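Visitor: So you can see what is in the structure, the chains are spelled out below.
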Amino acid sequence: MKANSKSKISRRSLLKSGVAATTAAAAGTLGAPMIWAQSNIVLRQSGTGVSAFNEIAAKAKEDLGITMEMTALDSDSVVQKVATQPKAFDIADIEYWMCKKVWPIGNLQAMDTSKIANYDKIVGIFKNGKLTPTSTIAQGTAPHTVSFVEGANGKSFSSEETGWMTMIPTIYNADTLGIRPDLINRPINTWAELLNPEFKGKASILDISSIGIMDMAMVCEAMGEIQYGDKGNMTKEEIDKTIGIFTEAKKAGQFRAFWKSFDESVNLMASGEVVIQSMWSPAITAVRSKGIPCVYQPLKEGYRSWGGGLGIAAHLSGKELDAAYEYINWYLSGWVGGFLMRQGYYSAAVETSKEYMSADEWGYWFEGKAAKGDIVNPQGVKMESAGAVRDGGSFYDRMGSVACWNAVMDENQYMVRKWNEFIAS
Amino acid sequence: MAVLQKNISSILLASPVILVLSAFIIVPIILITAVSFWGSTEFSIYPAFLFDNYEFLLTSDVTYRVFFRTLYFAVLVWAITLVLGFTVAYYLAFFIHSLTWQIICFLLCTIPFWTSNIIRMISWIPFLGRNGLANQSLIEMGIVDEPVEWLLYSEFSVCLAFVHLYTLFMVVPIFNTMMRIDKSLIEAARDAGASSTQILVNVIIPLCKPGIMIGSIFVVALVMGDFITVRFMSGSQIANMGRLISNDISLLQYPSACATAVVLLATVVIMISIMLRFVDIRKEL
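These protein sequences, in sequence, are chains A and B.
Counting from 1, one number per residue, gives the positions in the first sequence under my numbering.
Counting from 1, one number per residue, gives the positions in the second sequence under my numbering.
Hints are computed from structural coordinates only; laboratory data are not their basis.
Quantities reported herein were computed from a predicted structural model and do not represent experimental measurements.
One thing to keep in mind: the hints can contain errors.
To be verified - These stretches of chain B come out as covered by chain A in the derived footprint (C-beta under 8 Å, 3 or more residues):
#1 22–31
#2 59–71
#3 149–163
#4 235–243
Claimed, not checked - Just a few of them, taken from the derived set where beta-carbon distance is under 8 Å, the chain A residues facing chain B:
#5 ASP76
#6 SER261
#7 ASP263
Stated by the list, open to error - Here are some chain B residues the structure puts well away from chain A; computed CB gaps all over 10 Å:
#8 ALA34
#9 LEU76
#10 TRP101
#11 ILE104
#12 ILE118
#13 PRO126
#14 ILE143
#15 ILE217
#16 ASP248
#17 VAL262
#18 ASP280
C-beta: ideal position from N, C-alpha, C; glycine also.
Isolated chain A (complex conformation) (with noise of 0.2 Å):
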């Protein structure tokens, strides 16, 4: 998938930008966003499939003149993009488990919070770790942990608040198991039902190993098996036991087929292949479209969580840098936030989306509340009727209930090493 919307000089975004040129030098770097069309400004950017939509970058031509070229790649081919050609993008769209393995090489530049014109709107959770002040922390890479760095030239992570963050955070969500309550007739509220033998032959699990790993996780200690000490930096007994666990699974015939890419996971769930697995939010939305009923489970155990945000590359300096703040800044001014809100994530932001949001839209995203009226995906189809309610409810409680977060662990080359034997076997 690549954006690339060549810029069309209209008469109308000539004046516009001619005004913007002229307002330029009073505006400053911080809030009122500058017009970059007159310089060519064109960032790429790479990231996972999650936030890559030619929508946003169509907008940030609109907005602000900046060409968006966005690639979007599987979690692997990212964290190696952004690991091994540092040149080769400017703006890393990564989730905080990867900023975790890659900011260590060096190839992407601290970013000054003060140039960051909402960063008091950022929701605690990539501060402190707290979503509310008294939420206690999930296990994992919290993506506070790795947030902070101590000063523009850090190399390693600060536990709090410097001012210098490895990435500003856009995007999270809460993870769950994805169901066809058409399929399974009955209520389903642990993460333990997925290897219920009910499910033979009709269970997947996602093959990308640092996700894929929390997600068995939440399953082993769901049944009882296993007691983590971290489920998000685990020993390699607990590695063995939980892959062993799985493995057994796997010889049973558990498991109908194993996915690495959205689109797998939704024709697997929509074909009825598959009636329980692990699942993005996007991909319930996808199968829902077709008419196909599709709930993403709130369980009894919690979510498993991720959360995203945007990096800029060490090589971008200049005029260059200046537009990457920029667009930074655009991203959490709202418009950005409401179109995400829509796919069912969450925006850092979160209340800056509100604006660009109607009231019912941000009742049934945000506050879990039933839809007055019909509810339509970004791109206008119609998801939703009235009355109907977002599976696990309001923002409070979704992100309220967090079991863990996607993680890299010490023990990282291990897991991979055994998660390819899991596969193979």
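Fit chain B to the given chain A structure using the hints.
Guide: Frame of chain A, contents of chain B only:
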């Protein structure tokens, strides 16, 4: 003098091939072999001369299981495509008498190859699925009551896709050698009282050996090196050597991927050289 000139001109004539082969085959293989001894951390690889990659590869029983899986698929697919390919070629060469129709039928065989092989492979998935066309038809015809599960994401579906993708590679060279068989040989055999089976076994098959061997080399090499067919058609449930390599690459473990690639390459080369022992392709072409 004349001899020297002849030598120079033949060296010059051969040099483009030598250059292309060394740039695109020999140098990469040397590089892969070299990197297979390197060390790696989670993100970086560093030059070294270590046997770690091979040690890990050759001491893990997963490797052996996957390796035999790969061989198993190669042999199975080879056997099926051989029978199918030979039959199709035999029909085209001996049962269709006009050259025009032979060409038309041959082109018909290639029609599926007008689309990409990923498309050809993926289109099996909705067909074979639990609620797919195949199962619906079976249920409607009353042959089964419940959908047949092993049609998709199984060894069956992997083999089916392989056979579908690679049979033509068997048909073409066999058909080619069959067309070169002097028809008078077959007439002579018949005049000498040989039955159809005897003609097939004692005349046609021996004369088709080079074609069979070329087709076999194609199929074996393609199946041994494949990873995407196995991944899609088994729903990632089955692994072969190619998938081990692709997993390693996606996790930045290039040295380990190289070591696996070297072992795979060595195996394929050994298999093909054994196959070539049976037939002198250059002599018989």
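Visitor: Next, verify each hint and record whether it holds.
Guide: Here is how each hint holds up against the structure:
Interface restraint, the stretch 22–31 of chain B with chain A: violated (0 residues with C-beta to C-beta distance below 8 Å; minimum three). For the stretch 59–71 of chain B, the stated coverage by chain A holds: 4 residues have a C-beta nearer than 8 Å to a C-beta of that chain, and at least 3 were required. Counting residues of the stretch 149–163 of chain B whose CB lies closer than 8 Å to any CB of chain A gives 3, so the stated coverage by that chain holds, three being the minimum. Residue count for the stretch 235–243 of chain B with a Cβ under 8 Å from a Cβ of chain A: 5. That meets the three needed, and the coverage hint holds.
For A:ASP76, the interface hint holds, the least distance from its beta-carbon to any beta-carbon of chain B being 4 Å, beneath 8 Å. Taking 8 Å as the C-beta cut-off, the interface hint given for A:SER261 is violated, the closest approach to chain B being about 11 Å. With a least beta-carbon distance of about 11 Å to chain B, the hint placing A:ASP263 at the interface is violated under the 8 Å criterion. Chain A leaves B:ALA34 outside its interface by the beta-carbon criterion, the shortest separation being 18 Å against a cut-off of 10 Å.
The Cβ of B:LEU76 lies farther than 10 Å from every Cβ of chain A, with a closest approach of about 19 Å, so its non-interface assignment holds. Consistency note on B:TRP101: stated as away from chain A, and its beta-carbon is indeed over 10 Å from all of that chain's, at 41 Å minimum. The claim that B:ILE104 lies off the interface holds: its Cβ sits roughly 37 Å from the closest Cβ of chain A, which is beyond the 10 Å cut-off. The Cβ of B:ILE118 sits about 13 Å from the closest Cβ of chain A, beyond the 10 Å cut-off, so the non-interface label holds.
Under the 10 Å C-beta cut-off, the non-interface status given to B:PRO126 relative to chain A is violated; the minimum distance is some 7 Å. Non-interface status of B:ILE143 relative to chain A is upheld: no Cβ of that chain comes within 10 Å, the nearest being about 20 Å off. With a least beta-carbon separation of about 27 Å from chain A, B:ILE217 lies farther than 10 Å from that chain, consistent with its non-interface assignment. Once the 10 Å rule is applied to beta carbons, B:ASP248 is inconsistent with being away from chain A; the minimum gap is 8 Å.
Look at B:VAL262: its CB is around 18 Å from the nearest CB on chain A, clear of 10 Å, so calling it non-interface holds up. With a closest Cβ-Cβ approach of about 39 Å to chain A, B:ASP280 is found to remain outside the 10 Å limit, as its non-interface label requires.
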